[in-house]
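**Student:** Chains as they are written, first to last, in full-length UniProt numbering: chain A, 1 to 264; chain Y, 1 to 264.
Worth double-checking, as some hints may not be accurate.
Stated by the list, open to error - Taking lysine-lysine pairs in the DSSO-like style, the calculated list, with each CA pair at most 30 Å apart, reads:
1. Y:K223 x Y:K240
2. Y:K128 x Y:K22
3. A:K223 x A:K240
4. A:K127 x A:K240
5. A:K181 x Y:K240
6. Y:K181 x Y:K127
7. A:K128 x A:K240
8. Y:K22 x A:K22
9. Y:K181 x A:K240
These aren't lab readings, by the way, just hints derived from the structure by calculation.
2 protein chains.
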Amino acid sequence: MQPSTLHESRTATTSAPHLLPKLHSLAESNPHLNLLDAGCGPGTISTSFAQLLPNGHVTGLDLNTAILPRARQNAAAAGVTNIDFVEGSVFTLPFADESFDVVFCHQVLIHLGQPWEALREMLRVAKKGGVVAAREGDYGSEVVWPGDPALGRFHELMTGVMRAGGGTPEAGRQLLAWALKAGAERRRVEVSFGTSSYCTLNERRFCAQGLCEQLRGGGLRAKAMKFELGEDEDFEEMAKAWEEWAERDNSSLAMLQGQILIEK
Amino acid sequence: MQPSTLHESRTATTSAPHLLPKLHSLAESNPHLNLLDAGCGPGTISTSFAQLLPNGHVTGLDLNTAILPRARQNAAAAGVTNIDFVEGSVFTLPFADESFDVVFCHQVLIHLGQPWEALREMLRVAKKGGVVAAREGDYGSEVVWPGDPALGRFHELMTGVMRAGGGTPEAGRQLLAWALKAGAERRRVEVSFGTSSYCTLNERRFCAQGLCEQLRGGGLRAKAMKFELGEDEDFEEMAKAWEEWAERDNSSLAMLQGQILIEK
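Extracted from the complex, chain A is given alone in its bound form:
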């Protein structure tokens, strides 16, 4: 199955690079690891975790029940069976204390009003000796070249919609502060930064296509209309600007990704 959206192109390698060395070392002493992917969306990251843990088990959880069949489909298409997907909120995880060796989330906390409460809950379901890992973008670090007024307005739209929904576009830089607020000890938190970027023609087209879908009929457009944060004609202008950007030979887009690992 080809990834049909930006979200579906994600794997553990692209989206959890800071967790992988720890994951491998945990799996060496216990091949039967239990991993929770909180806010799994279409489940491609969860599926690749399951492939990395052939004797372990992965649970993908999402609040959005509509996405779960797609997640199951992606796992099945990859021939992965050591996985299941369940409905649930990251604020009230439907699991007992200390259920998982590894608890992970990516591009989840950035959308939440009280992200430290989600981290507190993730820490609750993590086993002692296990780890909680998060990776979240920081829109304050986004660089797009060449610049363009319509792409600038898109940035404002995207971050405006995120804020209107209670989220924090500058999540990446705050992960450590949130982890401490969730009760983690500083000496148990490892902080790092990674990047997400679209540099090759294929990557840029993929990126532009995803953003155009969001602008022409996806969730971003619906939310922008709801919060009265933009107008129809302008969404179309932004979409065209992304399409043109993708085809330029000197263009790229990059953003910092904040990364934390909390040892419990």
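On the provided structure of chain A, position chain Y as indicated by the hints.
**Tutor:** For chain Y alone, kept in the frame of chain A given last:
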């Protein structure tokens, strides 16, 4: 010899990660590689390149003759002999066409008025089949947590001084555009993004110490005074803000680094 400044803590591993795989593959077919580090400063990156190329040779070049004895000292302290340091401008490199297998620069183009002319010159002295590599920060992507008005003013000061000197604080995102302007073919340029960050207490103290030196008596202060971009008391306030930032348990700083590899 302990690194005495932020600049001196840099090595090929920290500052040329995008070049290393190509460097190793070039060195496999020709162990006698010639590498030019253009704008080498205190020479710690040049020295680590020389260590990676025990049968090759490294030339460090800098316009600032005052830094060259320090660069030679750093190389000697590391026991490195396959290296020499010469005075020169990256705009008029004192070398014949096609002299080097690898031509590298880091945090150099960001300071220049016509960085594409420097890249053109770097391409001139690179051998056919060789490579030109650059890595430059992008201050537009800098994220500092927690935020503080004095640290915000510092960002304006730093980027203002850079601009007043003819440089481009948003260099990272423009490397590809500059490479094309220098005559490189798009299909021969590989673009990527890395990060520089200060997350641990030691890293933050090291960072703050370097910035405080710049504010209390270093080149930044002198340039700011020259361009009338700040005032004495405020430099001291910024320095204190950096010192406080370094000691906080929830603080970090990160920035994107634009990276290009041009195959000649």
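**Student:** Compare the structure with each hint and give your call.
**Tutor:** Against the structure, the hints come out as follows:
no., hint, verdict
1, Y:K223 x Y:K240, "holds (20 Å)"
2, Y:K128 x Y:K22, "holds (15 Å)"
3, A:K223 x A:K240, "holds (20 Å)"
4, A:K127 x A:K240, "violated (48 Å)"
5, A:K181 x Y:K240, "holds (26 Å)"
6, Y:K181 x Y:K127, "holds (19 Å)"
7, A:K128 x A:K240, "violated (50 Å)"
8, Y:K22 x A:K22, "holds (28 Å)"
9, Y:K181 x A:K240, "holds (26 Å)"
Violation of the numbered hints given earlier is confined to hints 4 and 7; the remaining hints are satisfied by the structure.
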